[in-house]
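Peer 1: Next come the chains, spelled out residue by residue.
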Amino acid sequence: MSKKTETMLTGRRIMRALLSLCALLLAAEAIIHRHAYFALEATPLFFALFGILATCLVVAISFALGKLMARAPDYYGGDDD
Amino acid sequence: MIENTLAMLLNMPGMMLIIGALAVPLLPSSIRHGYMLAVIAVSVWSVWQMSPDQTMTATLAGIDLILVRAEAITKPFALVFHIAAALNVIYAMHENAKITATAGLAYAGAAIAALFAGDFLTLFIYWELTTFASVFLVLAGNTPRATRAAMRYLLMQVASGVILLAGAIMLWRAGAGFAITALDATTPAGFCILLAFGIKAGFPLLGGWLQDAYPEASPTGSVMLSAFTTKLAIYMLVICFAGFKPLIYIGLAMAIISLFAALLENNLRRVLAIALVNQLGIMVVGIGIGTELALNGVAAHAFASVLYKGLLFMSIGAVFMRTGTDQASALGGLARHMPWTAGFSLIGALSIASMPLFSGFATKALTIGAVAKQGELLVWLGLLFASVGVVLHTALKIPYATFFAPNPKITADEAPLNMRVAMALAAGLCLVIGLYPGALYALLPYEVTYKVWDSGHVLGELQLLAFVALAFTLMVRRGIYPLHADRTIIYTDWLTRRAMPLMVMALGTPMMKIWNSVKERFIQLMLRAIRTSEEASRATGLASGVASTGAAAGIFLAVFALILLIRVFM
Numbered sequence: 049m050s051k052k053t054e055t056m057l058t059g060r061r062i063m064r065a066l067l068s069l070c071a072l073l074l075a076a077e078a079i080i081h082r083h084a085y086f087a088l089e090a091t092p093l094f095f096a097l098f099g100i101l102a103t104c105l106v107v108a109i110s111f112a113l114g115k116l117m118a119r120a121p122d123y124y125g126g127d128d129d
Numbered sequence: 002m003i004e005n006t007l008a009m010l011l012n013m014p015g016m017m018l019i020i021g022a023l024a025v026p027l028l029p030s031s032i033r034h035g036y037m038l039a040v041i042a043v044s045v046w047s048v049w050q051m052s053p054d055q056t057m058t059a060t061l062a063g064i065d066l067i068l069v070r071a072e073a074i075t076k077p078f079a080l081v082f083h084i085a086a087a088l089n090v091i092y093a094m095h096e097n098a099k100i101t102a103t104a105g106l107a108y109a110g111a112a113i114a115a116l117f118a119g120d121f122l123t124l125f126i127y128w129e130l131t132t133f134a135s136v137f138l139v140l141a142g143n144t145p146r147a148t149r150a151a152m153r154y155l156l157m158q159v160a161s162g163v164i165l166l167a168g169a170i171m172l173w174r175a176g177a178g179f180a181i182t183a184l185d186a187t188t189p190a191g192f193c194i195l196l197a198f199g200i201k202a203g204f205p206l207l208g209g210w211l212q213d214a215y216p217e218a219s220p221t222g223s224v225m226l227s228a229f230t231t232k233l234a235i236y237m238l239v240i241c242f243a244g245f246k247p248l249i250y251i252g253l254a255m256a257i258i259s260l261f262a263a264l265l266e267n268n269l270r271r272v273l274a275i276a277l278v279n280q281l282g283i284m285v286v287g288i289g290i291g292t293e294l295a296l297n298g299v300a301a302h303a304f305a306s307v308l309y310k311g312l313l314f315m316s317i318g319a320v321f322m323r324t325g326t327d328q329a330s331a332l333g334g335l336a337r338h339m340p341w342t343a344g345f346s347l348i349g350a351l352s353i354a355s356m357p358l359f360s361g362f363a364t365k366a367l368t369i370g371a372v373a374k375q376g377e378l379l380v381w382l383g384l385l386f387a388s389v390g391v392v393l394h395t396a397l398k399i400p401y402a403t404f405f406a407p408n409p410k411i412t413a414d415e416a417p418l419n420m421r422v423a424m425a426l427a428a429g430l431c432l433v434i435g436l437y438p439g440a441l442y443a444l445l446p447y448e449v450t451y452k453v454w455d456s457g458h459v460l461g462e463l464q465l466l467a468f469v470a471l472a473f474t475l476m477v478r479r480g481i482y483p484l485h486a487d488r489t490i491i492y493t494d495w496l497t498r499r500a501m502p503l504m505v506m507a508l509g510t511p512m513m514k515i516w517n518s519v520k521e522r523f524i525q526l527m528l529r530a531i532r533t534s535e536e537a538s539r540a541t542g543l544a545s546g547v548a549s550t551g552a553a554a555g556i557f558l559a560v561f562a563l564i565l566l567i568r569v570f571m
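Residue numbers (the numbering used here), protein chains in the order written: chain A, 49 to 129; chain B, 2 to 571.
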């Protein structure tokens with residue numbers, strides 16, 4: 049992989065690409081009907097909102113748990129245990 | 002006679018691999034791997050040829066054993082176990098390691114044989130054989146840490162075996178015989194058997210051995226380990242406990258609790274081991290639902306997950322081999338140096354994320370669809386939440402932290418050719434399942450009527466993934482996402498690594514005190530008896546006139562015993 053591709057992946061372009069992809073997928077909802085088993089699922093933008101909220105929730109809970117669960121790297125005695 | 006027995010043994014699925022493994026250490030390295038692949042090929046061919054109602058029975062001490070029988074769900078598991086065994090051989094071809102090669106083949110054979118076991122005694126034997134073969138793969142890590150992890154692994158696996166045997170005997174005493182059939186988990190026998198399966202399936206609090214042992218194995222060892230034990234347990238849960246409702250919540254707990262530990266964990270092979278529990282959790286939910294669609298989902302998901310999980314373990318194993326580390330905080334930037342490995346890893350990542358056109362999408366959808374059909378809204382939301390977690394801690398974090406995160410200093414060679422071939426084959430299968438799910442659906446126990454390519458469903462999945470990726474990228478750029486931190490995360494393996502030794506010490510110290518005082522008193526008693534018997538024989542001159550020393554010793558001993566008896570009883 050070239051250096052250029054690498055900076056592209058970490059750089060600003062990836063953000064732009066992701067944002068336009070997300071916009072495109074939201075727009076597609078106007079054309080494609082999502083069949084739903086639950087009324088909640090049928091709400092417009094359900095999956096988009098769920099994705100963002102769940103990510104925030106997972107990271108927030110991990111932060112809180114991290115305070116409880118994190119120990120020094122050699123907690124179990126390091127390489128020699 | 003011997004030929005007949007051998008022919009019968011070789012007719013038993015998996016046995017060809019177990020017996021074939023015995024010859025592995027004797028072969029020169031130049032033909033060893035070719036031989037192993039040939040054995041696996043013949044074995045898979047003979048299993049494929051088996052008619053569905055073929056059985057093999059035997060009678061041992063009045064107990065009827067069902068050595069071989071197949072259910073509708075056996076075939077996909079047997080097939081994917083063979084594929085995994087072959088991929089493992091290719092992946093490990095660069096190694097000249099007789100013990101791991103032998104253990105790996107026997108382990109795969111035992112797991113396959115266990116699928117076909119029709120009674121709990123036969124299952125118990127293969128159950129233990131998988132344990133003893135696989136512990137060598139952990140030991141192959143060849144560090145003091147790996148040795149200790151292997152002992153803890155052995156302890157948990159043997160516990161599962163003993164509980165299984167206890168449950169089987171209780172079942173037999175209740176008059177139900179040893180046959181493996183649907184069981185009631187609320188009876189003591191059923192509960193024991195559920196517990197035994199639960200240990201190997203990574204149930205909450207029982208699965209600590211997974212993230213303890215798998216990351217300590219050698220790079221090839223952890224790939225071999227990831228396929229068999231847990232999926233065998235899932236298969237057995239399907240046979241015995243399909244439709245047992247509490248499994249829905251046990252599975253949900255497995256799928257969700259593991260998220261946070263996997264997100265925080267720095268050791269990438271440990272992340273994969275914890276993420277394995279998450280995948281197993283989704284399967285356990287499917288078993289709890291127990292409908293035809295759900296069980297199809299379990300079989301399909303198990304099949305696909307053996308491949309993509311193996312692929313991810315392979316890619317991190319290759320990185321570990323080339324860089325000497327599997328710590329996220331020390332990696333990054335490897336896409337430049339290991340482009341093939343990075344590409345294969347991405348295919349594994351997209352598969353586990355259930356991206357449309359990749360295998361996870363075609364298989365996980367069945368289970369999640371089955372949950373939705375049952376109207377279980379909360380369970381469905383829970384699974385969706387767990388899916389988001391998988392995307393975050395495996396599909397995005399592993400490739401990003403390993404291959405794409407900025408790390409200008411790192412250098413490494415590309416993985417050896419054989420590793421790349423194994424990864425390419427696994428990645429190819431992930432794509433085949435993703436593109437032509439019908440090929441896998443045809444193997445499933447029940448007819449699949451589920452429309453996987455429903456445009457609305459594809460759109461929903463794409464939206465979910467795109468927005469999770471967006472949130473992930475934003476958080477990484479802002480430095481909010483907990484990526485790089487060299488630390489130990491306490492998880493359920495703490496129970497065996499810390500709590501158990503502490504408990505043993507707490508119970509052991511007073512017990513040692515009691516034992517020491519008993520021992521001390523016993524020694525005092527003995528010394529006193531010796532002294533008295535010496536004095537007695539000297540004073541009476543009882544042995545002085547005896548000709549041989551042997552006779553003198555005899556008299557001495559008799560007096561000694563007499564005095565000891567008197568002292569003890571009076």
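Don't take each hint at face value.
As the list claims (entries may be wrong) - Simulated DEER-style distance windows between Cβ atoms:
1. Thr91(A) to Leu11(B): 54 to 60 Å
2. Asp122(A) to Arg478(B): 51 to 57 Å
3. Lys514(B) to Leu105(A): 47 to 53 Å
4. Pro26(B) to Leu88(A): 39 to 45 Å
5. Thr91(A) to Pro145(B): 52 to 58 Å
6. Gly480(B) to Leu101(A): 31 to 37 Å
7. Ile515(B) to Asp122(A): 22 to 28 Å
These are computed hints drawn from the structure, not numbers from a lab. No residue lacks a Cβ here, since even glycine has one placed at the ideal position from N, Cα and C.
Peer 1: Are the hints correct? Go through all of them and say.
Peer 2: Cross-check of the supplied hints:
1. In this structure the hint that Thr91(A) and Leu11(B) lie 54 to 60 Å apart at CB holds, the actual value being about 59 Å.
2. A hinted range of 51 to 57 Å is violated for the C-beta pair Asp122(A) and Arg478(B), which are about 31 Å apart.
3. Distance hint for Lys514(B) and Leu105(A): a CB-CB separation of about 51 Å, consistent with the stated range 47 to 53 Å.
4. The hinted range of 39 to 45 Å is not satisfied by Pro26(B) and Leu88(A), whose Cβ atoms lie roughly 59 Å apart.
5. Look at Thr91(A) against Pro145(B): about 55 Å separates their beta carbons, and that is inside 52 to 58 Å.
6. The hinted window of 31 to 37 Å between Gly480(B) and Leu101(A) is violated, with their beta carbons roughly 21 Å apart.
7. Checked against the given bound of 22 to 28 Å, the beta carbons of Ile515(B) and Asp122(A), roughly 35 Å apart, lie outside it.
Consistency note: the structure conflicts with the earlier hints numbered 2, 4, 6, 7.
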